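Peer 1: The residues making up each chain are set out below.
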Amino acid sequence: MDIENLDLYSQLILSLAALVTLTSFIMLAQGRLLRLVFIFALQGFLLVLATAIAAYSFNNPHLYISAAITMALKVLFIPWMLRRHILKLNMHRDVEALSNKTAVMMGGASLVMFSYYVLHPIMQNSSMVLLNALSLSLAVILLGMLLMISHHQAIAHVVGFMSIENGLFFAATVSTSGMPMVVELGIAFDVLVAAVLFGIFFLHINSSIDSLDVDKMNRLNEVDQ
Amino acid sequence: MIPAYLLLILPLLGIVYFALFGHQEDVGRQNTHFNGVTLLLSLWLAINVYVSGTILSTDKYFIVDSFNVYLIVLTAFVGFTTSIFSAPYMAHEKEIGKLTDKRLRLYYSMYQGFMFAMYLVLTTNNMGVMWVAMEAATLATVLLVSLYRTPESIEAAWKYFILCGVGIAQALFGTILLYYAATQFSDAENALMWSVLYENAKLLDPEILEIAFVFMLIGYGTKIGLVPLHNWLPDAHSEGPTPMSAVLSGLLLNDALYAVVRNKMLVDGATDSHIAGYLMMGFGLMSFLVAAFFLHRQKDIKRLFSYSSIEHMGLMTFAFGIGTPFATFAALLHMMVHSLTKSAIFVTVGHAVQISGTQSIEKIRGLIRTQPKVGWGLLIGTLAIAGFPPFGVFTSEFLVLLATMQSYPWLTPFLLLGIGIACAGLFRNIQPMVYGEKPEGQQAVQANLWPVIVHLAIVLWLGLAIPNFLSDWFTQATILISGSAPL
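Same order as they appear, the protein sequences are chains L and V.
Taking our numbering, the leading residue of the first sequence gets 1, the next gets one more, and so forth.
Taking our numbering, the leading residue of the second sequence gets 1001, the next gets one more, and so forth.
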């Protein structure tokens, strides 16, 4: 791919895709919750930039609305809410001991390769920009899952969950310049309700097991006692 | 189209109404009234479709055809009968101090919220909205799973939330890929409309759709409870209030399967490779067999029947995967009889648990001696779900077997094995619970068993003779899904 010959929009989108993926990797290795939430907000902001750039270049006003919703939800509301819970539950000094960071990072790198491997055949007929952006957004989705697997704190799980949503939004923005307005509003509503419910759950979990370490929730299983 | 709109508006009103007035004395009866009216509306809608065929609203946002209308009626019916059961059940839970007024308000409000999400999944023509509604169904039920606020129920709800949330995110990625494939030939507004996509399925890029379907099957498959994505299901079913288990098993799983089948119709139109069918057969058969073995290990009565739900959903997924008209007909019938039987079973299980005060299989004893109606209800329900003639489940399982012999004869032994193992797994646990001496001091509880009697009577009727209008309906739906009529 000849990067110099691409138009400005494609170059910007490609850089943003790379940056979004980078933030996912940083989150993967982050043991401090407040910093994790800050990086998540940063990822949301990159997403807002990408959406606004797409809105500007395609001259598509409804993408501006979608950018505004993302700004309000993913950059402001959810990080604010998570921060408040972390401070309230007095968890901002805890450093989560992440086991086997190297293996997790290597796993993350292989997930990126895997995303390219999955999407390469079907994107042969489309532009290289789209292939890159879509593969990276699939990678962000998978990295979000890896984040949930490698961390034990419920708050980290919520960050992983929401960064999966970020990956989905990025995919929708770059591949199709946004879903139809109804769908986008519906998804934003679901994310909002989910965020509120997560807040309620933090309180419930905390009062039931006296911490937010989800590994301690192991009453229900099929293992013989 | 009017009944369809009313069908959506009424539960929406219900959410607000019960959020405000859900603490009243006779709130259970009011909930029954709400669901009764929606049942009437769904019948009105069904008659419209029966007379005039597929209805597409003028703005194309809603579609009602023979496939989803029967699921709408089924949803409304099970929602109605379960609400009859839930009224005294929840009143009893409040009496023994397990629930407060506030939580009761949440329960009734979200009951309606769940029904709304289900109707939206079924009636919408927009694949994106279908996803949104599916996610909304999770959000509506997640607080109901943790309604009792025990550590177990909170754990189950968290698992349900995270697993289903992440799982269904995959389905959204699949939907985005589908949308991308569709925007190549259609304008952006229509590109997610199922009716438009279905007509132009040949124009969709087959390779993109194949990948998209993998994501959708994983995503919606998490909600169907396909192995190995089923972990949340037994937990959520066993820890929530029993009426919730009944509607989750009877309705939510069906509607998730409905979403998969709708997508499969698009993929089949775009490709000739039958890949969607093979994937569904593989996942379905695996779920069926794994769940059958797990039935033997259960210690909790509600977990036992949750695994039975996984087993039956696996069988349906398998049958839809075979994709011949015959198999599709069998799967549609199985969807209906399974919903009816399973929700009836959960109603009796709910009473059994209230009688003995525990969900542990080892401690529930002598049900028939204590309260014959509940004991016999459980026994007959189990007979029906295990596939004994003359019940409807036998008919549909027999048809699935025949369809398998027709298309993939070498898979028949696996099915027979699974059915046998599942039957043994159910009965080794059920026998000691219903027969035998009753423990000291075990008392009968106030129980309304009409829902069970009606459900099982319909299942029996379907096993003896399927009425003409119903088989017409199934035939039309089969033609829609698989392209030609069975037989």
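Since the hints were derived computationally from the structure, they do not count as laboratory data.
Accuracy of the hints is not assured; some may be wrong.
[Stated by the list, open to error] With a straight-line cut-off of 30 Å between C-alpha atoms, the simulated DSSO-like cross-links for lysine-lysine are:
1. V:K1438 to V:K1094
2. V:K1102 to L:K101
3. V:K1299 to V:K1202
4. L:K216 to V:K1098
5. V:K1438 to L:K216
6. L:K216 to V:K1060
7. V:K1102 to L:K216
8. V:K1094 to V:K1299
9. V:K1102 to V:K1060
Keep in mind it's a predicted model, so treat the numbers as computed, not measured.
Peer 1: Evaluate each hint against the coordinates.
Peer 2: Hint check:
no.	hint	in the structure
1	V:K1438 to V:K1094	26 Å, holds
2	V:K1102 to L:K101	45 Å, violated
3	V:K1299 to V:K1202	50 Å, violated
4	L:K216 to V:K1098	25 Å, holds
5	V:K1438 to L:K216	38 Å, violated
6	L:K216 to V:K1060	49 Å, violated
7	V:K1102 to L:K216	29 Å, holds
8	V:K1094 to V:K1299	26 Å, holds
9	V:K1102 to V:K1060	40 Å, violated
Checked against the numbered hints given earlier, this structure breaks hints 2, 3, 5, 6, 9; the rest are met.
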